[in-house]
Amino acid sequence: MAAPLLHTLLQPAFPDPVLDAQRSFRAALKALAEPGVVQGLRPAHAPSPLAGLAEASHALCLALLDIDTPLWLAPAFDTQAIRANLAFHCGCPIVSARQNARFALLDSSQLHDLSGFDLGNDRYPDQSCTLLVQLPSLEGGRRLAWRGPGIQREHLVAVPLAEHFWQERESRNDFPRGLDVFFLAGHHLIGLPRSTQVAFHGGA
Amino acid sequence: MNAATQPRPRRDDAYNFAYLDEQTKRMIRRGLLKAVAIPGYQVPFGGREMPLPYGWGTGGMQLTAAILGADDVLKVIDQSADDTTNAVSIRRFFARTAGVATTEQTAQASIIQTRHRIPETPLTADQIMVFQVPNPDPLRFIEPLESETRTLHALKDYGVMHVKLYEDIATFGHIATAYAYPVTVAGRYVMDPSPIPKFDNPKLHMSPALMLFGAGREKRLYAVPPYTQVSSLDFEDHPFAPQRWEQHCAICGSEDTFLDELIVDDQGTQSFVCSDTDYCAQRVAQGRDGQ
Amino acid sequence: MYVAVKGGERAIDNAHRLLAKKRRGDTAVAELGVEQIRQQLPLAVARVMSEGSLYDEQLAALAIKQAAGDLVEAIFLLRAYRTTLPRFCASLPIDTSRMLLSRRLSATFKDVPGGQLLGPTFDYTHRLLDFSLLAEGDYPGPDVHGHAQLEPCPHVLGLLAKEGLIKEETDLGEAADDITRTPLEYPASRAQRLQALARGDEGFLLALGYSSQRGYGRNHPFAGEIRIGEVDVWLEPEELGFPIAIGAIEITECEMVNQFVGSTAEPAQFTRGYGLAFGHAERKAMAMALVDRSLRAEEYGEEIQSPAQQQEFVLAHCDNVEAAGFVSHLKLPHYVDFQSELELIRKLRKPSTEQAQ
Numbered sequence: 001m002a003a004p005l006l007h008t009l010l011q012p013a014f015p016d017p018v019l020d021a022q023r024s025f026r027a028a029l030k031a032l033a034e035p036g037v038v039q040g041l042r043p044a045h046a047p048s049p050l051a052g053l054a055e056a057s058h059a060l061c062l063a064l065l066d067i068d069t070p071l072w073l074a075p076a077f078d079t080q081a082i083r084a085n086l087a088f089h090c091g092c093p094i095v096s097a098r099q100n101a102r103f104a105l106l107d108s109s110q111l112h113d114l115s116g117f118d119l120g121n122d123r124y125p126d127q128s129c130t131l132l133v134q135l136p137s138l139e140g141g142r143r144l145a146w147r148g149p150g151i152q153r154e155h156l157v158a159v160p161l162a163e164h165f166w167q168e169r170e171s172r173n174d175f176p177r178g179l180d181v182f183f184l185a186g187h188h189l190i191g192l193p194r195s196t197q198v199a200f201h202g203g204a
Numbered sequence: 001m002n003a004a005t006q007p008r009p010r011r012d013d014a015y016n017f018a019y020l021d022e023q024t025k026r027m028i029r030r031g032l033l034k035a036v037a038i039p040g041y042q043v044p045f046g047g048r049e050m051p052l053p054y055g056w057g058t059g060g061m062q063l064t065a066a067i068l069g070a071d072d073v074l075k076v077i078d079q080s081a082d083d084t085t086n087a088v089s090i091r092r093f094f095a096r097t098a099g100v101a102t103t104e105q106t107a108q109a110s111i112i113q114t115r116h117r118i119p120e121t122p123l124t125a126d127q128i129m130v131f132q133v134p135n136p137d138p139l140r141f142i143e144p145l146e147s148e149t150r151t152l153h154a155l156k157d158y159g160v161m162h163v164k165l166y167e168d169i170a171t172f173g174h175i176a177t178a179y180a181y182p183v184t185v186a187g188r189y190v191m192d193p194s195p196i197p198k199f200d201n202p203k204l205h206m207s208p209a210l211m212l213f214g215a216g217r218e219k220r221l222y223a224v225p226p227y228t229q230v231s232s233l234d235f236e237d238h239p240f241a242p243q244r245w246e247q248h249c250a251i252c253g254s255e256d257t258f259l260d261e262l263i264v265d266d267q268g269t270q271s272f273v274c275s276d277t278d279y280c281a282q283r284v285a286q287g288r289d290g291q
Numbered sequence: 001m002y003v004a005v006k007g008g009e010r011a012i013d014n015a016h017r018l019l020a021k022k023r024r025g026d027t028a029v030a031e032l033g034v035e036q037i038r039q040q041l042p043l044a045v046a047r048v049m050s051e052g053s054l055y056d057e058q059l060a061a062l063a064i065k066q067a068a069g070d071l072v073e074a075i076f077l078l079r080a081y082r083t084t085l086p087r088f089c090a091s092l093p094i095d096t097s098r099m100l101l102s103r104r105l106s107a108t109f110k111d112v113p114g115g116q117l118l119g120p121t122f123d124y125t126h127r128l129l130d131f132s133l134l135a136e137g138d139y140p141g142p143d144v145h146g147h148a149q150l151e152p153c154p155h156v157l158g159l160l161a162k163e164g165l166i167k168e169e170t171d172l173g174e175a176a177d178d179i180t181r182t183p184l185e186y187p188a189s190r191a192q193r194l195q196a197l198a199r200g201d202e203g204f205l206l207a208l209g210y211s212s213q214r215g216y217g218r219n220h221p222f223a224g225e226i227r228i229g230e231v232d233v234w235l236e237p238e239e240l241g242f243p244i245a246i247g248a249i250e251i252t253e254c255e256m257v258n259q260f261v262g263s264t265a266e267p268a269q270f271t272r273g274y275g276l277a278f279g280h281a282e283r284k285a286m287a288m289a290l291v292d293r294s295l296r297a298e299e300y301g302e303e304i305q306s307p308a309q310q311q312e313f314v315l316a317h318c319d320n321v322e323a324a325g326f327v328s329h330l331k332l333p334h335y336v337d338f339q340s341e342l343e344l345i346r347k348l349r350k351p352s353t354e355q356a357q
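Residue numbers (this note's numbering), protein chains in the order written: chain D, 1 to 204; chain G, 1 to 291; chain F, 1 to 357.
Since the hints were made in silico from the structure, they are not lab data.
Ideal placement from N, C-alpha and C gives every residue a C-beta, glycine not left out.
Reference listing, derived: stretches of chain D covered by chain G, where coverage requires no fewer than 3 residues with Cβ under 8 Å from a Cβ of chain G:
id : segment
1  : 19-28
2  : 32-44
3  : 66-78
4  : 123-137
5  : 150-156
6  : 184-195
Cut-off 20 Å, straight-line C-alpha distance, at most; resulting in silico cross-link-like pairs (SDA-like, lysine to any residue):
id : chain 1 : residue 1 : chain 2 : residue 2
7  : F       : Lys347    : G       : Ala176
8  : G       : Lys164    : G       : Ile142
9  : F       : Lys331    : G       : Thr85
10 : F       : Lys350    : G       : Arg244
11 : F       : Lys21     : F       : Glu31
12 : F       : Lys347    : G       : Leu165
13 : F       : Lys347    : G       : Arg244
14 : F       : Lys350    : G       : Gln247
15 : F       : Lys350    : G       : Ile169
16 : F       : Lys167    : F       : Ala265
17 : F       : Lys347    : G       : Phe172
18 : F       : Lys162    : F       : Pro152
Please work from the sequences and hints to get the whole structure.
Okay, here's the thing in structure tokens:
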């Protein structure tokens, strides 16, 4: 089968590459600075969805990835269209080994196993991988209390996630080493930095 | 009197928006996200030369350039005054290269770049502070080697810092640090809050605003997220105490702000005025005076 | 009543105009052209290009003009311009064994293949002011040998390497971090160190190199070879798959031979220090080579005792744009911090004043 022509694969990125990247970054910054609070991207300033990548996921890729950020793709996102567009618009290397990735794009099917991602080290904890986790929705899960920097007292957050995820996260968070996560759905995102403590045991 | 907000000027399109190229901005933005995730930890970043000299706020400027958007309203202060020459110069730089609105009023600003002060007007959750930092490592003057201090931070080994502070008490009866007074962030990293007077340290604790710190020459950036525990280092028998003045501001009468001392005649007569010029002007506008 | 000094904007504007006047000097004298600086101050241009890390003679000459001859300021101007430029790709390593030499000397051998070539140099000029330069006029051109043949000029140290007498320099094949994009972390690799030294201040490196000759981390140098000349720059674009020459640059290269080291595992060998600079820049290249060798102390198991051997000390302080900026920032207002110190020193003095009474 002949490969589809490049021009049919490539899709437009941000309407305004400079200012929309800035807006998306500010949403990500606020999401991480205020864990658990939903941040939104205005549709006029977000890219269109890309072959299974929601607007917010696509926007964060465009805003944060480039030649210096090796990216790991979950199988659901490892498509010709996503590869071609990220190569064209971001130029980020796509890596097959998790430990070489600075960013990773995951869907909910991957959250029971977060092994292999770089957690940083005690001298350079900033070298850890950042997870971009696309979900169908950011609501409807069990309400959990999030506490820590960025949260005045506590935030009750109901991201729909299986208990496995929280166990995986806890087993890999050894502050200052750890994973920082963005949950993405549609035009919205929630940040979960490694510094946030989430009480997930027991209770509904 | 105090200038109101200046509307958005025309942007100089000979340069990219806010001067830095997009790849550099992305690199700084990724660093900022890590800095927020690890409060108080110094993230190395590939600092660039800016068209202002190192030491004149290049770290703060790179951070401001990386976060600034077309709709932001920027305030720049040096010694908490908007009209000091370096503050004027940096404000003009962003008005020209980003075409953003600027203001002298703390409450109107969405981003405040500062050298050496935190405004007296309480900050809000919609504001970001950007601090210019000369020496990001609070351990640097105790241990000059970066390879060593990085290990001390990794091990959370701050014994040398406590020894230094304790030696001060033994020698002088007080901790002899009046500015750039070290703090512990979220119970983990000891951080240099930049050369703000220790008077301003309590404003870092549980502030609703995001605090970003940029050291251009040393190529480090770090952050204190909103609502984060920030405690100034001290000892039980020598608790931290910010500066206080017996005088009040000669212009607005304020008794609880940081005051600058002026020498007003050849006899050395002193007068004290608010260092925060905007705060002082707001109080005068409300009818307060120093009489 | 005192009012805080206002009018910063007007003051800045006028300061810029005063500076322009200072730069221009007496308008009765013809204005200096950028091309004149480029042609007639080539050594200043070379230094600005090296430490500004941008090979562009015209822009370096412009920076010198704009900086009114302050070379550290000109270096800063060129650096600040350089950061705004997109990076398209990296060239292939330049091959200095294929340089077209205008000067070449070895202090270690009386004669070498390709010969010694004195070239344009201040060496052996008597440093007597030449008052004839006060007047403009013709200059005596050099004697040119019309039928001279190009000869291969292999690296002198390569001849020693063939005998195994000097430590072989091997390409580790590792990607070298670009210190203008990734901050230096310690310990820095040799590639990073050399980048920092190449951008480093000539005066600082000269003083450090000199200190190593005076016993602060002695490494017994000989000028193995200094070569100045033009070398081709090659690019290999990914889409082409073969290299193309994009032009030639003038460079100065210095290889120092240093006293042998050896151990029970290795026979005694000479070692080397390396210096490279844009343009005709002999002092810089020699100083860099001395400091490079000093910074290899750890690699050769030497005791690190002296400033020139301490990489954090050398690398953190060799950049004159950083150094000049931080020293000059002391001119900025510091009255808030000073006020804090005043308050503190008054407090600290209180008990002792009371005791004295």
